[in-house]
Structures are given as C-alpha cells and as structure tokens.
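*Asks:* These protein sequence lines are chains A, B and C, in that order.
The first sequence stops at residue 292 when you use this note's numbering, and every number in between is there.
The second sequence stops at residue 318 when you use this note's numbering, and every number in between is there.
The third sequence stops at residue 224 when you use this note's numbering, and every number in between is there.
Just so you know, these hints were derived from the structure itself, not from any lab.
Keep in mind the model is a prediction, meaning the values are calculated, not measured.
Some hints could be false.
Footprint (simulated), chain C over chain A, 3 or more residues, beta carbon under 8 Å [claimed, not checked]:
hint, region
1, 110 to 124
2, 129 to 136
3, 150 to 157
Cβ atoms here follow ideal geometry from the backbone N, Cα and C, with glycine treated the same way.
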Amino acid sequence: MATAVRLRSAVSLLGRFPALAGVDLDVAAGEIVLVQGANGAGKTTLLRACAGLVPFTAGEAEILGQDMRKSRKAVRRRIGLLGHASFLYDDLTVADNLTFSAKAAGADAASAEEAMARLGLGGRLRDVPAGRLSAGQRRRVAVAAVVARSPELWLLDEPHAGLDAAGRDLLDGIVREAAAGGSTVLLASHEPDRAAALASRTVTMAGGQVAGGLLPEALAGLTEAPPRRGAGAGAPAGKASIVA
Amino acid sequence: MTTKSSPAVRVLGWLSAVTLALTAVMALVVTPGDVNMGDSVRLLYLHVPTAWLAMYVAFGLTTLASALYLWKRTRSRFWDLTAGASAEIGVLFLGLTLLIGSLWGRITWGVWWTWDARLTTTAVLFVLYVGYLAVRKVPASPEVQSRRAAIVAIAAFLDVPIVHYAVEWWRTLHQDASLGSPQRVLDPQITGTMAWTLLLGVVAFTLLYCWLMAHRFRLAWMEDRLADRAMQIAIEERRAEAEVAAS
Amino acid sequence: MWRDAVLVAGKDLRVEVRSRVGINQVIPFAVLVLIVFAFALDSDRATLAAVGPGLFWVTVLFSGLLAIQRSFVIESDDDARDALRLSGLDGGGIFLGKAAAVAAQLVLLEVVLALGVIVLYGVQLRGAAMLLLTCVAATVGLAAAGTVYGVIAAGLRVRDTLLPLLVLPVLAPVLLAAARACEAALAGTPAEGWPWVRMLTVFATIYVTFGVVAFGPLLEEA
C-alpha cells in the first residue's frame, strides 16, 4: 500500500518557536488517522505543515511522494485542508466561492455543484453571499470546498466543531466515502470520542512530538560560526544552524 | 564573539578619527575659499564624501548582500545582517548629505532646496531606503523580515536609475531661471590642494564607514545569536512539556 | 499560469462588483480629491487647467493605493495569504490576475477623473491618442508595482502605513512621466510626449516581469 504521509524527526519552526519538535509519523493511503492532544501540542501545525503552508525546517517529510523540504507547492492541488478559518470570500456567493475553489484545484464547476448538493447547500443558499451565512453554514461551505477538490489527502482540523448534528453525520459519511475511495484522511481533534469512531488509528501529540517518537539529533547544536569578515567580526566556532 | 571589538577594529577607529581630523584641518584652514562661492565651499568636503559613500558603497553593498541572501546557494544570515547594517549607515550618511547640501544651497544662493535632477533623485533614494529599513522592522517573524526586505532592496536598486533618468529629463526641460544656471554653479572648480583635501575626505569617510559597519554588524550578529539561544531554550522547554504529558 | 491569472482576475473583479467598494468609495474619494485641490489652489480657471494633468495623476495614484490595499484585504484578513497558497494556483498567475483586476478598476477611475478634470478644471481635450497611450502604459505600471508592494506589505499589522511608504517613491517616476506626457498632448505637441511614454513602458515591463517572478516566493512567507 502506498504511503501518503511519511515524517521522520520532522521539525517545524513558527518564527523561532519549535511547534513541531521532531515528529515521526507514517500514514498509508486510505487510512483515517486521528491526531489527538491538548491545546498547543502541535496538531494544527502538523496539519498545516502537511498542507505545505508551513515549512519543515529539519528532518524528513514526504507527502504523497513529494519531498516537502524541496518543494512545498507541488502537491497543493492534491491536498485539501479544512482549517480554523473558512478561507471564504465574504462578498461572493456560496456558488461563486465553490466554483473558484474547484477550478483553482483543477476541477470543474460540476464538482462544485456536486459538493454543494452533498452538503445540502443547493437551493436557497447557493446565491447567498458568504458573509451573511451563520458560522455553521460557513463551516459546511468550507467542507464543500474541500469536497469539490476531490483531494488525495484530506487534512481536517477540528472538523466537527461548529457543525450541527446533521452536519456532523454528513461529514462522517463524506470522510468514510473518501477513505473508501483511496484518499487518506488526517484529522485533528481534542474531542476524541466522535472522531475515534471514525478513525482506523489514533496517535497522540504532546510537546510538538508524536508520543513515543524519538527526540531528534537535529535539534542538538544550534549556533553557527560566521565566516570572518575582516576585523571585529570573529565568533567562536559552533555547530550547524537550522536558522540559515 | 565578545563585547569588546577586536584590536584591528580599534585601529580602524583611530585611523578614521585621525584622517577625519586631518580633513577638518585641511578643509577649514589650509585650503583657500572658492573663487565664486567663498568659504561655503568648505562644506563640500563633507558633503561629497558622504554622498558617494552612501550611494555607491553603502547602498551598493546592501543590494549585493540582499541578492546573495536571496540566492539559494549563498543564503545565510550573514548577508542579511550585512545588508541591514550597510543600509542603516547609508541612510545616516545620505541624510547628512541632504542636510549639508541644503545648508550649502542656503548659504550659496539663498534657497534651502531646489528641484534639480540630482537633489530630487537623492531625496527619493533616501525615502526608498527608509522604506527598506521600515520593512526590516515589521512585526513578523525574522525570516519574513529578511526575505521581504531583501526584495525591497533589489527593487529600490532597480528604481534608482529610473528615477534619475526621469528627473534629469524633466529638469532639462525646465531650467530654473531664478537661480541662473544652477548646473554650472553646482560644480565649482576643484583643483590643487582642494582636490587632495576632497580625496582625503573620501578616504576618511570610507574608514569611518568600515568602522561603523564592523560595529553595527557585530551588534546585529550578537542580537541574532541571542535570539537563537532563546530558541534553544524554547525547544528544551517544549521537550519538557512532552515529558510532563507522558508522565 | 495564464489560466490561473484569468481565474484570479475574474474572482477579484467579481468581488469588486458584488461589494461595490470601488464605485461607492474609491471613485467618490477621487472626485472629492479633485474638488479639494481646487479649494486649496484658489480656483483660478487658468491655473487649474495648467495643473490639471499633474493633479489628475496624483489623484489616480492615491486612489490606486486604496484599490491595491483592497485587493489584498479581500483575501480573508488574518489568514491573508493562506487561501491563495492553499488553492495551488501559480504565483505568477495570481500576480497577473490581481494586477489585471486593479488595472481594470484604475481604468474606470481614470475615465471618471478625466471627465472630472474636463468639467471642473476646464481642461481642453487634445492629442487623444497620446493621452490614451499614456494612460495604458502608466496604469499597467501602477498596477504591477502596486501589486508587488501590496504583497510585501500584506498580512502585516502595519500594512496600511507601510504600503504608501514603500510604493510612493517607486511610483514617483510614473507620476512624473505620465503628467508630462499628458501635458504635452494637451498643449498640442504630442510628439514631445513620446520619450515619457517610452519610459512608462519600460517601467511597466520591468515591474510586470519582477512581479511574475517574485510574487510566488513572496506569497510563501509564513
């Protein structure tokens, strides 16, 4: 079975803060993996890094076969991220938003229509500007945007939050269907109960690492000696730096 | 890196102080006043070196360092810090240039400012690099600051010939009659001891620039080291979090 | 890249049409500036007609700044560029699309302002071809340079004050050249405007190229 996500001692810095401090993770295609952990454990950063929004600073990171340390952009069309923000244009209607999202990913307007139908957004809601929707409806549109792209890797950050009961059932159905179709799903939640029922496997994060993972050697030794620049710029010799 | 500069830099400092003093003596006492402008020409010994140093040396280095920082093969904090330090000194010198030039204009023919090609281009250049320094200080992560600032530096460099070209053209169409022919008056005859003094001034300011660069760069480097150390501590604390969570 | 550009331009313009910020706010602002200038300059007809071209372009410049800021504000504020990056669109394509949308808005603005200048300042219309050419070249340059600096300032808390600081010195030559070219056209000697139009074209070419190359990497900054 192909590996969708492969991380070894992956480190990701947000500014100078190590949000991911050495993650080891393997996810095979078609799996639904739940990532749980307390607030601040690094779940959101893990998803964002897998989506290529945040760079991996050290370690190995392979997403859908692409080395993320070489190029973050290459796999973006094959990935769908459901984040905390809804990434919607408030002035555009639901239909416009979804069509744009689909086309940007290389799909066509028909996929947008299907996604809308799936999420119960057809009919009256189609032509409502996104800014006027309730939070729950916006969430549905955001899910529809991911569905319209038909991604190979789904990254869902707290997907059930904000959805009503019907919406949650809908989402569960969509996730199962996606996985059955060969897509991989990585979801983060700090409410494990519902999500655990969905997932085939659970991993726990704490302190920027997946629990039980090894602390990377890459973190040891962080200062670099600058090349001498004439008088006055000498510095003590150090080891390799990750802030290049 | 220690908090005291190396002996070489200290020598540099003394040398620049000495040459500056010498220039001052030459400028104020030894050389004669200009035929047309009298004693006000002495300001030129300050004005020209600062202008050249700022425009060609300081900003030139900033642009070069920015390009090297952006290019993958030579990317390193070193170039980014060099670009920033050089730009700061460049802005300082250019500010001085504009101030002294303005004073000189006031003394020589009664106006604080005139819209001729060189002055206008210099003013725009000044604002461009003030903008560069502003980008270096934006509230964002260090990588964002450095990367965007580098791009702004290169764009500023691209813009200078455009501005110069445009403004020069503009001014040749509109000779300002009230000042006579400022182009001619702007370049007094400089020969003999005056030329040597000017050269001495350039040397003095070059030494001053190098000394300032050495110190400013060192300061920036140390700030960077401090931030790295803070990150090391942050990583250790993060690891500790994991241990607590596991236990 | 071109397909992405068309997609983004379409999206931006659609947002503009739906929100009507340009029509409701930017254009009235521009006309207001024209009027306010007349107050400040003591509305002698001859003076106003003489400074008309300059004031026209200054107003376009400042209103253009608003349009450019708007172009980036619509990308859901805090996660300002996440949406664009996640979409997987090509960086150069996004740049061309955004710049094109801004340019389109500027053109509309210029038409309204031209009417304003003719009516309010008594400027006589001559040398239409030269005027048109100037407007096209200057607008492309404005939109391109503005979009480049717009993304540099985007997503930062100091965005609104940083953008003018960065972009005005850079656009100064455009202002200069466009005003002089228009003056030449209106004075009945359009031939004198050619060198200025050439400069505008060079400027536009440089910044369009720069934008296509640099926009993608700039967008990637976290």
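*Asks:* Go check the region 129 to 136 of chain A versus chain C for me, would you? Three or more residues, Cβ under 8 Å, otherwise it fails.
*Replies:* Holds: 6 residues of the region 129 to 136 of chain A have a Cβ under 8 Å from chain C.
*Asks:* With a C-beta cutoff of 8 Å, work out whether three or more residues of the region 110 to 124 of chain A approach chain C closely enough for the coverage to hold.
*Replies:* holds (count 3)
*Asks:* Would you say the region 150 to 157 of chain A counts as covered by chain C, given the rule of at least 3 residues with C-beta under 8 Å?
*Replies:* Answer holds; 4 residues pass the 8 Å Cβ test.
Consistency with the previously given hints is maintained throughout, with no hint failing.
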